[in-house]
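J.: Got chain A sorted already, so can you dock chain B onto it with the hints?
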Amino acid sequence: METVVFLISAAVILSGALGVILSNNPVHSALFMVQTLFGVAVLFVLLEATFLAAIQVIVYAGAIVILFVFVITLLGVDRAEDLRVEPISGQRPLAVVLGVSIFGIILTVLIAAVGSPTVIQEANIPIGDAADNTKLLGETLFSKQVFSVELTALLLTVAVVGAVVLSTRPKGLLISTLEEQGDDVLDDDLEETGKE
Amino acid sequence: MIITTTWYLSLSAVLFSIGATGLLVRRNPLIMFMCIELMLNAVNITFVSIGSHLNDLGGQLAVFFVLVVAAAEVVVGLALVVAIMRRRSRANADDLKILGG
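Line by line, the protein sequences are chains A and B. Quick note: the working numbering has the first sequence finishing at residue 196, numbered continuously throughout. Quick note: the working numbering has the second sequence finishing at residue 101, numbered continuously throughout.
This is chain A alone, in the form it adopts within the complex (with noise of 0.2 Å):
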């Protein structure tokens, strides 16, 4: 039974990815890295890391692809991206045989790795059962990590503070730019402006 469900998530995983890389329309990716996500969840429950694969779902699938779908919606779909031109001769190949040598060097340090497990035994946090695992999760955290969960809290802070000034408009902006580009937005920008 494992093994199937292995087997298949592996499948749904694999082709998600590639679909990610392949697709020419980036919406078309978003939806691919969903079903890659959903297939990573599958993994967890059958990892018995279930408190994972719930936050897998509600975070991954849930915010970050949104956030990824809302910006493409924003800009419009850059179409301009033709995935039969290669732009520089030789990109491909050489990606490739890349990939290739990095998939190489990890399977043989994770093999490794596994065939000469080292654990240190007092830092051991037994997993126990499924049904404790959000349980133990939490009591961890909050008791031996406390303090990386403040840090995780300030950096959050820190990307929701920099994503406002990196998305505010500075003052006085780029008339001449918007002229340039013959953008609709300008006679908004115009109004606005006078308006101030």
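In short, the hints are calculated from the structure, not lab data. Hints should not be assumed to be uniformly reliable.
[As the list claims (entries may be wrong)] With a straight-line cut-off of 20 Å between C-alpha atoms, the simulated SDA-like cross-links for lysine to any residue are: (1) A/Lys-135 with B/Lys-97; (2) B/Lys-97 with B/Leu-24; (3) A/Lys-144 with B/Gly-58; (4) A/Lys-144 with A/Val-160.
Since we're looking at a predicted model, the values are computed, not measured.
T.: Below, chain B alone, put in the same frame as chain A:
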């Protein structure tokens, strides 16, 4: 056929390589971000499967933090893309060579 940890690790290695190759090939910044997400997911599979192999909760804790970092990275990255697109009509990786280097 029994699924061992090695199977999970091989799957995550394949997923990571696909992400890396896509990052090198594609030049739309949104798709490049998606490839980074694929690579992060591959790392997450590795963390969870090795954690389950060693019966250690540390792997799942690490994934928790990776998720937070991924969310923060996407927020800042997409804000950058929007800020660039506001000044110029297209934002290919090639168009940004004016950044220097």
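J.: For every hint, state whether the structure bears it out.
T.: Structure-based check of each hint:
{"no.": "1", "hint": "A/Lys-135 with B/Lys-97", "result": "violated (49 Å)"}
{"no.": "2", "hint": "B/Lys-97 with B/Leu-24", "result": "holds (16 Å)"}
{"no.": "3", "hint": "A/Lys-144 with B/Gly-58", "result": "holds (11 Å)"}
{"no.": "4", "hint": "A/Lys-144 with A/Val-160", "result": "violated (27 Å)"}
This entry does not satisfy hints 1, 4, going by the numbered hints stated previously.
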